[in-house]
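Visitor: Protein chains in written order, with our numbering: chain Z, 2 to 332; chain X, 2 to 332; chain W, 2 to 332.
Quick caveat, the hints were computed from the structure, so don't treat them as lab data. Don't take every hint at face value.
Remember, identical chains collapse to one label, so a pair may be satisfied in a single copy or spanning two.
To be verified - In silico DSBU-like pairs for lysine-lysine, Cα to Cα no more than 35 Å straight-line:
hint, residue 1, residue 2
1, K330, K72
2, K313, K330
3, K303, K197
4, K266, K303
5, K72, K197
6, K197, K331
7, K330, K112
8, K298, K98
9, K331, K303
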Amino acid sequence: MERSLREVAEFVRAQVVGDAAAPVTGISSIASAGPGDVVFAEDAQNFALAVASRASAVIAGEFASGAANQKPLLICAQPRLAFARAAQFLRSNPERKPGIHPSAIVHPTAKLGDHVIISERVVIAHDVEIGESCWIGAGCVVGANSFMGSHCELYPNVTLYPGVRLGSRVIVHSGAVLGSDGFGYVRDQATGRYEKAPQIGRLEIGDDVEIGANTAIDRGALDVTRIGRGAKIDNLVHIGHNCQIGEDVVIAAQTGLSGSITIEKNVVLGGQVGIGEHARIEEGVMLGGQGGVLPHKILRGKGIAFWGTPAKPVREYLKELAVLARLAKKE
Amino acid sequence: MERSLREVAEFVRAQVVGDAAAPVTGISSIASAGPGDVVFAEDAQNFALAVASRASAVIAGEFASGAANQKPLLICAQPRLAFARAAQFLRSNPERKPGIHPSAIVHPTAKLGDHVIISERVVIAHDVEIGESCWIGAGCVVGANSFMGSHCELYPNVTLYPGVRLGSRVIVHSGAVLGSDGFGYVRDQATGRYEKAPQIGRLEIGDDVEIGANTAIDRGALDVTRIGRGAKIDNLVHIGHNCQIGEDVVIAAQTGLSGSITIEKNVVLGGQVGIGEHARIEEGVMLGGQGGVLPHKILRGKGIAFWGTPAKPVREYLKELAVLARLAKKE
Amino acid sequence: MERSLREVAEFVRAQVVGDAAAPVTGISSIASAGPGDVVFAEDAQNFALAVASRASAVIAGEFASGAANQKPLLICAQPRLAFARAAQFLRSNPERKPGIHPSAIVHPTAKLGDHVIISERVVIAHDVEIGESCWIGAGCVVGANSFMGSHCELYPNVTLYPGVRLGSRVIVHSGAVLGSDGFGYVRDQATGRYEKAPQIGRLEIGDDVEIGANTAIDRGALDVTRIGRGAKIDNLVHIGHNCQIGEDVVIAAQTGLSGSITIEKNVVLGGQVGIGEHARIEEGVMLGGQGGVLPHKILRGKGIAFWGTPAKPVREYLKELAVLARLAKKE
Numbered sequence: 002m003e004r005s006l007r008e009v010a011e012f013v014r015a016q017v018v019g020d021a022a023a024p025v026t027g028i029s030s031i032a033s034a035g036p037g038d039v040v041f042a043e044d045a046q047n048f049a050l051a052v053a054s055r056a057s058a059v060i061a062g063e064f065a066s067g068a069a070n071q072k073p074l075l076i077c078a079q080p081r082l083a084f085a086r087a088a089q090f091l092r093s094n095p096e097r098k099p100g101i102h103p104s105a106i107v108h109p110t111a112k113l114g115d116h117v118i119i120s121e122r123v124v125i126a127h128d129v130e131i132g133e134s135c136w137i138g139a140g141c142v143v144g145a146n147s148f149m150g151s152h153c154e155l156y157p158n159v160t161l162y163p164g165v166r167l168g169s170r171v172i173v174h175s176g177a178v179l180g181s182d183g184f185g186y187v188r189d190q191a192t193g194r195y196e197k198a199p200q201i202g203r204l205e206i207g208d209d210v211e212i213g214a215n216t217a218i219d220r221g222a223l224d225v226t227r228i229g230r231g232a233k234i235d236n237l238v239h240i241g242h243n244c245q246i247g248e249d250v251v252i253a254a255q256t257g258l259s260g261s262i263t264i265e266k267n268v269v270l271g272g273q274v275g276i277g278e279h280a281r282i283e284e285g286v287m288l289g290g291q292g293g294v295l296p297h298k299i300l301r302g303k304g305i306a307f308w309g310t311p312a313k314p315v316r317e318y319l320k321e322l323a324v325l326a327r328l329a330k331k332e
Numbered sequence: 002m003e004r005s006l007r008e009v010a011e012f013v014r015a016q017v018v019g020d021a022a023a024p025v026t027g028i029s030s031i032a033s034a035g036p037g038d039v040v041f042a043e044d045a046q047n048f049a050l051a052v053a054s055r056a057s058a059v060i061a062g063e064f065a066s067g068a069a070n071q072k073p074l075l076i077c078a079q080p081r082l083a084f085a086r087a088a089q090f091l092r093s094n095p096e097r098k099p100g101i102h103p104s105a106i107v108h109p110t111a112k113l114g115d116h117v118i119i120s121e122r123v124v125i126a127h128d129v130e131i132g133e134s135c136w137i138g139a140g141c142v143v144g145a146n147s148f149m150g151s152h153c154e155l156y157p158n159v160t161l162y163p164g165v166r167l168g169s170r171v172i173v174h175s176g177a178v179l180g181s182d183g184f185g186y187v188r189d190q191a192t193g194r195y196e197k198a199p200q201i202g203r204l205e206i207g208d209d210v211e212i213g214a215n216t217a218i219d220r221g222a223l224d225v226t227r228i229g230r231g232a233k234i235d236n237l238v239h240i241g242h243n244c245q246i247g248e249d250v251v252i253a254a255q256t257g258l259s260g261s262i263t264i265e266k267n268v269v270l271g272g273q274v275g276i277g278e279h280a281r282i283e284e285g286v287m288l289g290g291q292g293g294v295l296p297h298k299i300l301r302g303k304g305i306a307f308w309g310t311p312a313k314p315v316r317e318y319l320k321e322l323a324v325l326a327r328l329a330k331k332e
Numbered sequence: 002m003e004r005s006l007r008e009v010a011e012f013v014r015a016q017v018v019g020d021a022a023a024p025v026t027g028i029s030s031i032a033s034a035g036p037g038d039v040v041f042a043e044d045a046q047n048f049a050l051a052v053a054s055r056a057s058a059v060i061a062g063e064f065a066s067g068a069a070n071q072k073p074l075l076i077c078a079q080p081r082l083a084f085a086r087a088a089q090f091l092r093s094n095p096e097r098k099p100g101i102h103p104s105a106i107v108h109p110t111a112k113l114g115d116h117v118i119i120s121e122r123v124v125i126a127h128d129v130e131i132g133e134s135c136w137i138g139a140g141c142v143v144g145a146n147s148f149m150g151s152h153c154e155l156y157p158n159v160t161l162y163p164g165v166r167l168g169s170r171v172i173v174h175s176g177a178v179l180g181s182d183g184f185g186y187v188r189d190q191a192t193g194r195y196e197k198a199p200q201i202g203r204l205e206i207g208d209d210v211e212i213g214a215n216t217a218i219d220r221g222a223l224d225v226t227r228i229g230r231g232a233k234i235d236n237l238v239h240i241g242h243n244c245q246i247g248e249d250v251v252i253a254a255q256t257g258l259s260g261s262i263t264i265e266k267n268v269v270l271g272g273q274v275g276i277g278e279h280a281r282i283e284e285g286v287m288l289g290g291q292g293g294v295l296p297h298k299i300l301r302g303k304g305i306a307f308w309g310t311p312a313k314p315v316r317e318y319l320k321e322l323a324v325l326a327r328l329a330k331k332e
C-alpha cells in the first residue's frame with residue numbers, strides 16, 4: 002500500500018529528515034531493498050549500508066539525525082520497533098475480502114461481527130461468537146460455544162475444540178490445536194488399566210497472543226488453562242491442562258509444559274525446555290534452551306538466567322560444565 | 002444428563018450414604034462446584050472442602066463413610082476412579098447426532114456401522130470400514146483400506162494414511178497423523194544422494210488407546226508398527242516405523258521414538274524422552290522427562306525409575322549430579 | 002504392478018542370475034514375503050533366509066552370485082539401494098487418477114501442469130503454479146503465489162502459506178506447515194510489550210526434499226529460508242526463519258532450529274537436537290540425538306560426531322560422562 006513518508010512517520014512516531022512527501026510501499030532488509038522500501042539501521046555500520054542501498058527511506062536512531070545524505074530518514078528512539086510498526090502500517094491483504102465463502106459451513110446460531118472473513122471450507126459450530134474483522138483461514142474448525150474478540154487471525158487448518166475463548170488480535174498459525182483434552186488418567190488398582198480422567202475445563206487466551214504452527218494447548222481438566230495477554234508462543238509447543246501463563250511470556254519452539262504449571266509474567270523460555278507438573282516459574286525468569294524443571298519446583302529471580310536439567314542459575318551450571326571438562330582432560 | 006445418585010452409584014460401584022434419589026447432572030472441581038455437580042475427595046482436608054462446597058454429592062473413600070454431614074456421599078475404594086467413571090456416565094454430547102453430514106465425501110465402498118457420525122468435510126476413501134458408534138470429526142481424512150472398531154472418536158482434522166487399523170474405543174485428537182511414512186533412506190555410494198527406502202508397512206492400534214493432538218505415528222517400513230491395548234500417548238509425540246508399543250504404556254508429550262523400538266507393557270515414559278533405534282524398554286520401567294536411551298540399548302527393571310542421557314537408574318544419576326555440584330562449589 | 006525380473010533388473014541396474022522372465026509384483030521383508038515379492042540380502046545369513054523364503058526373487062551383493070539355488074537373483078553392488086529402487090519401480094497407485102476433484106476449490110488464475118491430481122476439499126489460492134504429475138492430497142491448502150515443480154506429493158492436510166516455492170519430486174507429509182511466520186518480536190521499551198516483527202520473507206525448498214508429518218518450517222523474516230536439494234526432514238521438526246539448510250542434509254524427528262542457522266551440506270542431525278540462532282554446522286558434521294548448540298557457535302569437521310549440550314566431539318563427551326560416573330561410584 003503506497004503511503005507518504007509523513008504518514009509512516011506519524012504512525013510510528015518518528016521525525017522525518019528530508020522529503021516527507023516521498024512515497025513508500027513496503028519494508029525490506031537492506032540487502033534486498035528496492036525503490037519504495039523502508040529499511041532500518043540501529044548502528045553506524047548498518048546505517049552506511051542502508052544509505053548506500055536502493056531503499057527509499059531509512060529508519061534510524063538519534064545517532065543518524067545529523068548525517069548528511071540523499072535519502073530521507075525517520076529518526077526515533079527505537080528504530081527496530083518503528084520498523085516493525087511501519088511493516089504493519091504498510092501491509093495490505095488485498096485477497097482478504099470480508100464475507101463468508103460459500104463452501105464454509107457456519108451454524109445458524111453463530112454470531113459474526115462486521116468485516117469478518119470466513120474462508121473456504123471453514124466449519125463453525127453452534128453458538129460460536131466471532132468479533133469484528135476476524136479472519137478465519139481455509140479449513141479451520143471452530144468448536145461449539147467458542148468465542149473470539151476482534152481482529153483475530155486464524156491461519157488455515159487450525160482446530161478449536163468447543164468452548165475456547167480468544168481475546169482480540171490473537172494470531173493462531175496453521176495446524177495449531179487449541180483446547181484439546183489434557184493427559185489425565187486414573188489407574189484402576191484392580192485391573193491395572195488406565196481410565197480417562199475428565200477433561201471438561203476451558204481454555205482462555207488473552208489479547209495480543211500469538212501461537213505458532215502445530216502448537217497444542219490443552220483445556221483445563223475441570224477448570225481453566227489460561228494464556229495471558231501478550232504471550233508469544235512459537236511452533237510445536239505443548240502446554241498441558243490447567244497451566245497458567247502470565248502476560249508477556251515468551252515461549253520458544255518445542256518447549257513442553259506438563260499440567261498445572263504457573264509461568265509468571267515476563268518469563269522467557271528457550272526452545273525445547275521441559276517443565277514438570279505443578280512447577281512455578283516466577284516473574285522475569287529466563288530459562289535457556291533444553292533446560293528442565295522438575296515437578297513442583299520453583300524458579301525465582303527477575304532477570305536471572307537458568308540453564309540445564311535440573312535448571313540452575315546459568316553461572317553455576319557453566320561452572321559445573323567447566324569443572325567436568327577439566328577433570329576429563331586430566332585423565 | 003440428569004441421573005439419580007443411585008444410578009451413578011451403580012455405574013461406578015459405590016455405596017450411597019444419604020439421599021440416593023438426589024438428582025445430579027455433572028462433575029466438577031470442588032472450587033467450581035454448583036448444584037447438580039458431583040465432586041470427589043481422597044483425604045480429610047479435601048473432604049471438608051467438598052462438603053462445604055455447593056456440590057450436590059461427594060465421592061469419597063471409606064474414611065468418610067461415618068462422617069455426619071448434610072450432603073449425600075458415594076463411598077468407594079478408589080474415589081478418583083469413581084469420579085472419572087461418573088464423568089463418563091454423566092457426559093452427554095447432544096450435538097453428536099448419528100448420520101453423515103452432506104458435506105462429507107464417503108466412498109461408496111466404505112462400510113459404516115450403526116450410529117456412526119461422519120462430520121462436516123470428512124473424506125473417507127475406498128474400502129474403509131468403520132464400526133458402530135464411531136465419531137469422525139470435521140475435516141478428518143481416512144485413507145483407503147483403513148479399519149476402525151466401535152466407539153472410536155477422531156477429533157477434527159485427523160489424518161489416517163491408507164491401511165491404518167484402529168481397535169475399539171480409540172480416541173485420536175486433532176492434528177494427529179497416523180500411518181505416515183517412516184524416515185528411511187538408502188545412500189547411493191556413487192552419487193552421495195539419499196533415495197527413499199520403501200515404507201509400505203502397516204500401523205495397528207489396539208483397543209482403548211488415546212493419541213494426543215499433533216502426534217505422528219509412522220507405519221512400518223515393510224511390516225507393522227503396533228500400539229498395544231490401552232496405551233496412552235500425549236500431544237506432539239513421534240513414534241517411528243516398526244516400533245512395538247506394549248499394553249498400558251504411558252508416553253508423555255513430545256517424546257520421540259526412532260525406528261524399531263520395543264516398549265514393553267506398563268512402561269511409563271516422561272515428556273521429551275528420546276529413544277534410539279532398536280532400543281528395548283522392558284516391562285514396567287519408568288523413564289523421567291528428557292531422558293535419552295542410545296540405539297540398541299536395553300532398560301530393565303519393573304518399577305525402576307531411570308533418568309538422564311544416557312539413562313541410568315535415577316539414584317545413580319542424582320548422585321552424579323550431586324558430586325558435580327559439590328566439585329563446582331569447591332572451586 | 003506386474004513386471005518381469007528383467008525389467009526390474011534394468012531399472013535397478015542389476016544382473017539377473019536365473020529366470021529373467023519371472024514375474025514379480027512387489028517388495029517385502031523376508032519374513033512376510035510371498036509369491037511375486039522381491040526381497041534383499043546384504044549378508045550370507047540373510048541370503049540364506051531370503052532363499053528359503055516364499056519370495057520370487059532375491060536382490061543380493063556379489064557375494065551371492067555363485068550361489069546354487071532355485072530362486073532367480075538380482076546381483077548388484079548396493080543391494081539395499083537396488084531394493085529401494087525396485088520398490089519405486091513396482092509401486093502403483095491405482096487410486097491416484099489425474100484430475101481435479103469436484104469438491105476442490107482452485108482459483109481460476111492457478112496454472113496446473115499435465116496429469117496433476119487435486120484431491121477432495123483442496124484449496125488452491127490465486128496465482129499458484131503446480132507442475133506436471135503433482136499429487137495434492139485431500140484437505141491441503143496452498144497459499145497464493147506458491148509454486149511447485151513436477152512430481153511433488155503433498156499428503157492430506159498439508160498447509161502452504163503464500164509464496165512458498167517447492168522444487169520437483171518434493172514429498173510433504175500430512176500436517177506439515179510450510180512458510181509460517183517466524184518467531185520475531187520487538188519489545189517496546191516504553192510499555193514492555195512485544196510487537197510483531199515483520200515476517201514477509203519466502204521459503205524455498207529444493208528438489209527431492211522430503212518433509213515429515215507435522216513439521217513446521219517458517220518463511221524468512223525479510224528474505225529467504227532455504228532447504229537444499231535432497232534434504233530429508235523427519236516428523237515434528239521445527240525450522241525457524243532465515244535458516245539455510247544445505248544439500249543432502251538429514252534431520253531426524255523433533256529437532257529444532259531457531260533462526261538464521263546455517264546447516265551445510267551432508268550434515269546429519271539426530272532426533273531432538275536443538276540449535277541456537279546464528280549457529281553454523283559445517284559440512285559433514287554429525288550431531289547426536291538431544292545434542293544442543295549455543296547461539297552463534299560453529300561445529301566443524303567432516304565426518305566428526307558431536308554429542309551433548311553444549312555439543313562437543315563425542316569422544317570428549319563420553320570421557321566426561323565416564324569421569325563423572327567414576328567419581329559418583331567412589332562416594
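Visitor: So, for every hint listed, does it hold in this structure?
Guide: Hint-by-hint comparison with the structure:
no.	hint	in the structure
1	K330 x K72	neither (57 Å within a copy, 57 Å between copies)
2	K313 x K330	both (24 Å within a copy, 13 Å between copies)
3	K303 x K197	between (39 Å within a copy, 24 Å between copies)
4	K266 x K303	within (10 Å within a copy, 41 Å between copies)
5	K72 x K197	between (65 Å within a copy, 26 Å between copies)
6	K197 x K331	neither (54 Å within a copy, 46 Å between copies)
7	K330 x K112	neither (68 Å within a copy, 62 Å between copies)
8	K298 x K98	neither (49 Å within a copy, 45 Å between copies)
9	K331 x K303	between (38 Å within a copy, 27 Å between copies)
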